[in-house]
Amino acid sequence: MNEKFRKYTTPETFERIVDFQNVTEMWTRCISEYANDIAIVDGENYTYAQLDEDVSRFRTVLKENNAGTGSLIGILCPNSYGFVKAFLAATTLGVAAVLLPAHMDVNTVFGVATKFGMKAVVYDESLEDRVALLREKNPSVALIPSSATASEKTAMIPVPAEATAAVLFTGGTTGKSKGAKISQRALMAGTKNGCYGVREIFGQRYLLVLPLTHVFGLIRNLMTSLYTGSTLFICRNNKDMFRDVAIFKPTIMVLVPALAEMALTLSVQFGRNMWGPDLKTIICGAAPVAQYLITEYAKRGIALLPGYGLTESANLVSGNIEPLKKPESVGLIYGGMEYKIVDGELWLKGVNMMSGYVSDEENDIAYEDGYFKTGDLVRIDEDGYLYITGRIKDIIVLSSGEKVSPAELEVKFCAIDTVQDCLVYDTTENGMHQLVLEVYPRFTKVKELGIEDINAHIKAEFERVNKTLPTFERINKLVIRDTDFIRTPAMKIARNLNGNVKK
Amino acid sequence: MAMSRSEIFEKLNEVINMVMPALDVTETEITEDSNLVNDIGLSSVGILYVVIAIEEFFGIRFDDVGFADFETIKDVIDYIEKKI
Chain A
0 MNEKFRKYTT
10 PETFERIVDF
20 QNVTEMWTRC
30 ISEYANDIAI
40 VDGENYTYAQ
50 LDEDVSRFRT
60 VLKENNAGTG
70 SLIGILCPNS
80 YGFVKAFLAA
90 TTLGVAAVLL
100 PAHMDVNTVF
110 GVATKFGMKA
120 VVYDESLEDR
130 VALLREKNPS
140 VALIPSSATA
150 SEKTAMIPVP
160 AEATAAVLFT
170 GGTTGKSKGA
180 KISQRALMAG
190 TKNGCYGVRE
200 IFGQRYLLVL
210 PLTHVFGLIR
220 NLMTSLYTGS
230 TLFICRNNKD
240 MFRDVAIFKP
250 TIMVLVPALA
260 EMALTLSVQF
270 GRNMWGPDLK
280 TIICGAAPVA
290 QYLITEYAKR
300 GIALLPGYGL
310 TESANLVSGN
320 IEPLKKPESV
330 GLIYGGMEYK
340 IVDGELWLKG
350 VNMMSGYVSD
360 EENDIAYEDG
370 YFKTGDLVRI
380 DEDGYLYITG
390 RIKDIIVLSS
400 GEKVSPAELE
410 VKFCAIDTVQ
420 DCLVYDTTEN
430 GMHQLVLEVY
440 PRFTKVKELG
450 IEDINAHIKA
460 EFERVNKTLP
470 TFERINKLVI
480 RDTDFIRTPA
490 MKIARNLNGN
500 VKK
Chain B
0 MAMSRSEIFE
10 KLNEVINMVM
20 PALDVTETEI
30 TEDSNLVNDI
40 GLSSVGILYV
50 VIAIEEFFGI
60 RFDDVGFADF
70 ETIKDVIDYI
80 EKKI
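Order-wise, the sequence lines are chains A and B.
Quick note on numbering that gives the first Met the number 0: the first sequence kicks off at 0 and runs consecutively.
Quick note on numbering that gives the first Met the number 0: the second sequence kicks off at 0 and runs consecutively.
You may find that some hints are simply not true.
[Stated by the list, open to error] Some, not all, of what chain A presents toward chain B, calculated at C-beta under 8 angstroms:
| # | residue |
| --- | --- |
| 1 | Asn237 |
| 2 | Lys238 |
| 3 | Phe241 |
| 4 | Met261 |
| 5 | Leu265 |
| 6 | Gln268 |
| 7 | Phe269 |
| 8 | Glu462 |
| 9 | Asn465 |
| 10 | Thr470 |
| 11 | Arg473 |
| 12 | Asn475 |
| 13 | Leu477 |
[What the hints assert, rightly or not] DEER-style ranges, computed between Cβ atoms:
| # | chain 1 | residue 1 | chain 2 | residue 2 | range |
| --- | --- | --- | --- | --- | --- |
| 14 | A | Asn35 | B | Arg4 | 50 to 56 angstroms |
| 15 | A | Lys136 | B | Asp74 | 32 to 38 angstroms |
| 16 | B | Asp74 | A | Gly42 | 29 to 35 angstroms |
In short, the hints are calculated from the structure, not lab data.
C-beta atoms are modelled at their ideal positions from N, C-alpha and C, and glycine is treated no differently.
If we strip away everything but chain A, and leave its shape as in the complex, we get (with noise of 0.2 angstroms):
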């Protein structure tokens, strides 16, 4: 079903992508025919028989603390080796995993772990703070540091196809944010859908720098590297990313055009290449990709290959193997998954989607006719290459790939009580993306405090808020109107109305 990825792979390489019901099938190929190998380097290398061996002493670690076959845990890392050990213990164990973004807040990780019903949570020391109050005020729930180990080891188990491997959270097509549960199958899938489209996709080295509760990074960077008996470099801190690159020496990257850009840039002004002499591709998604990103990078012998996907699809839909020759395409869906367009909006099922959103409410409006409903408009050309064209939701997609539900953030601006109204849109001029919020004075109030300078009091207050959302949320620009938006006969603010946004 994936013949038409065939002649970009070499005939061995091609034989070797096969298909995998869980994780333990994947791992035990792993192991007997990589285990020599390096499987990870974070501050050290870690071989693929090392890893196994910390695996195998850490599903002991869960079974201890009572989170053993089909409970559910959290797991709170930021991206590292003790990620990569819990993740693998626990789907190996048949346990799922709730990734839990490392920038998640101590209320939010309370409310998670309790809501959903964790048995445990796998944490990172550095995060510490974050399971505070879990810890006093949830105490069912066990709290396990990513460095623990024990004496005995424990074996992997064939986990049913179907089970839950990790749930990955997303704003999805109501930007509101929702567990989405990927089961063994999906996950596979997943990541087997990354093996095709590079002409030699096995023992390569990556070098990651998304997070791995990304299901980008998740999947196509850490589980396809380990699918593939490849090298995964785990950057700690991006801002050391080239550094990491002159040591590491990376053949393939997964990026998101923001950073393909960044280095570009970069590239031209220190008059060097900044992805070092091997890299030969970069797999790039999470957000729309500038054709000249493509034919840059082909100058420099580097194949940028944009690829289309989503969290509820375990990562990839689709991967655009000639970027050359279609620039504008996301590329060929995947084998395994049939889809249909309606009204334009494209529709999917298969192996490779999620079984569903965490709350029953939410799959309510994500399905029809048993498909899952995208929110991505397309179209599809004579042979078979998908289109992004437009979006129904109107979530804001960064070019870091990163998302922000506009409304979620008009809430903590409306919050101001000299602040009748507000409206946060994006604009993309010149390539450039910024996150601009427009205000409506609530001019009783600001005259009833006796406010002077209205601009001076509005900025000081929208500064105020904007320093307490994380830093990819923050407003770019201040715009405050002297006049109301325009407005629904339901009196709320007309979004897409071009009286609405001073771009």
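Chain A is fixed; fit chain B onto it per the hints.
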């Protein structure tokens, strides 16, 4: 590397200009009081650009502080001044 405060400012301006070609810095007029996010418009990736470029240009490392801790250009200059 001996550099005066104004030389650091000038270099920093150059760095921002370099990594943010879409940003019309001459009109934005960066001053020491310019807020990195609100006035200059640096996104999270923009901040990463600037950090990498500053480290390269000034030969320093932001090893004991996160760039997100800086609010204004002045904060950045103060830090660079201490490190070079």
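Open item on the list: Min Cβ distance, leucine 477 of chain A to chain B: is it shorter than 8 angstroms?
Closed with: It holds, given that the least Cβ distance between leucine 477 of chain A and chain B is near 7 angstroms, below 8 angstroms.
TODO: Verify the interface restraint on leucine 265 of chain A: the C-beta must sit less than 8 angstroms from at least one C-beta of chain B.
DONE: Holds, about 7 angstroms.
Open item on the list: Using the nearest Cβ pair, does phenylalanine 241 of chain A come within less than 8 angstroms of chain B?
Closed with: 7 angstroms, holds
Open item on the list: Quick check on lysine 238 of chain A please, does its C-beta sit within 8 angstroms of some C-beta on chain B?
Closed with: Cβ of lysine 238 of chain A sits 5 angstroms from chain B, so the hint holds.
Open item on the list: Interface hint check: asparagine 465 of chain A, Cβ to nearest Cβ on chain B, cutoff 8 angstroms. Holds or violated?
Closed with: 7 angstroms, holds
Open item on the list: Min Cβ distance, threonine 470 of chain A to chain B: is it shorter than 8 angstroms?
Closed with: 5 angstroms, holds
Task: Evaluation of the interface hint that places methionine 261 of chain A against chain B, nearest CB under 8 angstroms - done: 5 angstroms, holds
TODO: Let me know if the C-beta of arginine 473 of chain A comes in closer than 8 angstroms to any C-beta of chain B, holds or violated.
DONE: 5 angstroms, holds
Task: Given hint glutamate 462 of chain A near chain B, where the shortest CB pair must fall under 8 angstroms - done: 6 angstroms, holds
Open item on the list: Using the nearest Cβ pair, does glutamine 268 of chain A come within less than 8 angstroms of chain B?
Closed with: The hint holds - glutamine 268 of chain A has a Cβ within 8 angstroms of chain B, the shortest such distance being about 5 angstroms.
Open item on the list: The hint says 50 to 56 angstroms between asparagine 35 of chain A and arginine 4 of chain B; measuring C-beta to C-beta, is that right?
Closed with: 55 angstroms, holds
Open item on the list: For the restraint on asparagine 237 of chain A, tell me whether the closest CB of chain B is nearer than 8 angstroms.
Closed with: Asparagine 237 of chain A check passes; min Cβ-Cβ to chain B is 6 angstroms, inside 8 angstroms.
Comparing the model with each earlier hint shows no violations; every hint is respected.
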